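The primary structure of each chain is shown beneath.
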Amino acid sequence: MTIPATTSAGPTRRISIDPITRLEGHGKIDIFLDADGEVADCFFQVPELRGFEKFCEGRPVEEMPRITPRICGVCPEAHLMASAKACDAVYKISLPLTARLIRELQYDIFYVTDHATHFYALAAPDFVMGPSSNPAERNLIGVIRKLGVGVGQQVIQARKWGHEAAAIFGGRPVNPENAIPGGVSKPITASERDRLEEIARYLLEFSKFTLKVLHDLVLANAEYVDLILHGPYYHETYSMGLVDDKNRTNFYDGKVRVVDPEGHELCKYAPRDYAKYIAERVEPWSYLKFPYLTQVGWKGFVDGKQSGVYRATPQARLNVADAMSTPLAQEAYEEYFETLTGDRSGHRMVHHTLAIHWARVVEMVNAAERALELVRHPELTHPENYRVIPHDTPTEGVGIVEAPRGTLVHHYVTDENGIIRKANLVVGTTNNHAAICMSIKKAAQGLIRKGSDITEGVLNMIEMSFRAYDPCFGCATHSLPGQMPMVVRVRDCGGTVLSTTTRA
Amino acid sequence: MTTNGAEIDRQPGKLRVGMHWASSCGGCDISLLEIGEHLLELIEVADIVFWPCAADFKYRTVADYPDGYIDVCLFNGGIRSSEHERLARLLRRKSRTLVAYGACAMDGGIPALANLKSPREIYDAVYHSNPTLHNPGHVEPKTQWATPLGELDLPGMYPQVLRLGDIVDVDYQIPGCPPVGAQVWKVLQAVVAGEVPARNSAVRVGCDNRSVCDECPREKRKTRIKAFKRPHMAVPEPNWCLLEQGFVCLGASTRSGCGAQCPKAEMTCRGCYGSAGLSSDQGTAMLSALGSVIDAVTEDRAREVVDEIVDPTGTFYRFSLASSALKARR
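If you read the protein sequences in the order shown, they are chains G and C. Read in order, the letters of the first sequence correspond to residues 1 to 504 in my numbering. Read in order, the letters of the second sequence correspond to residues 1001 to 1330 in my numbering.
Since the hints were derived computationally from the structure, they do not count as laboratory data. Don't take every hint at face value.
[What the hints assert, rightly or not] Covered stretches of chain C, as calculated for chain G (at least 3 residues, CB under 8 Å):
id : stretch
1  : 1028-1037
2  : 1129-1143
3  : 1163-1169
4  : 1264-1276
All values reported here derive from a predicted model rather than from experimental measurement. All residues carry an ideal CB built from backbone N, CA and C; glycine is no exception.
Could you build all of it, start to finish, from the sequences and the hints given here?
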């Protein structure tokens, strides 16, 4: 990995973390230290662009739900659903009930397994093995060895059954293919429904079990609680997420609600109006853009009520929701807010970045309970109402879902034959781009001090600041380049390497 | 998987397996998880020595491995930047057997549709004309950017998406977007047992030697196509060949092995397992397949019917543009 030579004048040192790891996608961090060894500035760069928005031009709109899920093979259902909803809007279709039920059920089951993957494979190693543990063991295999094969089997079964459900809906366990303008390609039979109910029941038990794992391993550990509450992982920002007509969580549909750092509603808008409320900024040092709230404006990489920076994470979704849509998740929501703010009502906002992991598990319970509700709906297996044929002339449409990693927008403009003329995609992780930059900088400032040892463990604790977001820079850049190593070289102002730390 | 007695080039002891992603979407890595509880069996007989998605081995570790240290490396994703190319070359050197895993590494995959546009067009769309942009200064990312404290750099994009095989020698190819879990497990079992075909960049494993039509349960009635239909504009009759009903389905020109998953879900095949024939040009193969099923006696009439197909390039080469005779727009 080439480290760019330091070209600045003055007594500046640079630490490069290239690439960051245990996330989906690619990024690198450059930290500049001043003469005292304190952090002077910090840049997080996303080094890739794939251009889906451009090469989708000329494609038939009905193919978009088959093309865009390849933006990310980890969360293909998020793109599948946002794309299908944008297609519905392009043709001005109102979905029949059964189609809507099938899509939301499919999405909620996906949600549980996607959150589980992040929790066990990407996040848990930092807490189960420890932030500064041996990096060779700080992975899912280490977690399974430590927690026991029984836990490993439960995680594998959750993934496996989740994928079996995806195949029931869309033929394929990865990249299911059933979404079309107007509904889904096939109905759900009675026997498929029975199996889906079995899967949903298991996923609910698994989600409750995961909440217990979180309690036993993280919340029962005073050191971790201290890290969550008092570590360098805190930013007061706006929060964004979808809510239903009662301001409760919904991952598949609703209006986008934004609240300020104190919890007051800034705006609530229908998907078609998204471009009035968010704008994207371009910086010359990253391929990835920086969305912000237009009503507040871009004030730089700063938090607080005066800054248009917002977050769209599991934590943000709990912040914008007045309540969860299901009972067990509501209990978990109240416990989460009471522990972190002293107020179980949810009226006081949570801004502790590491607590996003906890919010994610609350959402797992919510998605599993909601899936169980939907799978028992009598209209789910209706043999005909799973799709309608469009009649209107296609024009323009916006589809929004809550991807696990944030509010996901697909916006298409077509010609009268339904051929894409323009496409705009604002994806989950992109919403959090500015906040992620700020979180990394704050963690670096808090952990690297004058005279302190820059160990592998310190570097990992800087990385934990973005890992909480479950970032997917594959989605964000509409590409997913490889993860690579992490080498930190500290150089003096002449470029001479003072020390090298390799995390391997 | 056929066996001809050729043993995989491996070292004594536990098998050393690596997996890497270049310009891909992560779906291939997820497909390896599709082997489910077999993953625990795999760990018994093989050491994973590089798999960024699931294990914390770093590139620096790989660079320090002796050449040929990795017995089998599954490489997914196409090559879009110098960084991808550098890793492809490094992993080739460190691996006794290098496998192009999945449609992107093998044929470019869906990201290769970008080859229909120029990088400039992509920049203009993403940084200058999207409806949410606020970019009055016409800022674009630069490969080098000086900050007051020091210079930042970004890798440059290649003008087109390439295949892994365009950069380094590839020993085997596993098709699919992503490969089907059961097929992947069969390949891994064969590797562990040392029962693999002789290496050859053209050898595809994890698939069969027929076409998707051959494994599709939908009935062929030998009727001819009078007109093409778009999939959202008509409900297909169940159990009857989608192509004969006028829906453009690539089953005839696509390699089998997926289990005809999409047609079973009432969706047309889009060809992710790559070309069925010896030619890697899937679109030409599809055109000739269409020639035999269109209801037209004159060339003009045939052209009329074929003209009803919307976006033939983006459909016939959905996953294989980087392997096609077209390659790229320019």
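The hints, checked one at a time:
Residues of the stretch 1028-1037 of chain C lying with their CB closer than 8 Å to a CB of chain G number 8, which satisfies the three-residue condition for coverage. Judged by the Cβ-Cβ criterion of 8 Å, the stretch 1129-1143 of chain C is covered by chain G as claimed, because 11 of its residues qualify and three suffice. Residues of the stretch 1163-1169 of chain C with a Cβ under 8 Å from some Cβ of chain G number 0, which does not satisfy the need for three, so the listed coverage is violated. Under the rule that three or more residues need a Cβ within less than 8 Å of chain G, the assignment of the stretch 1264-1276 of chain C holds, with 5 such residues.
The structure is inconsistent with hint 3 alone, although it conforms to all the rest.
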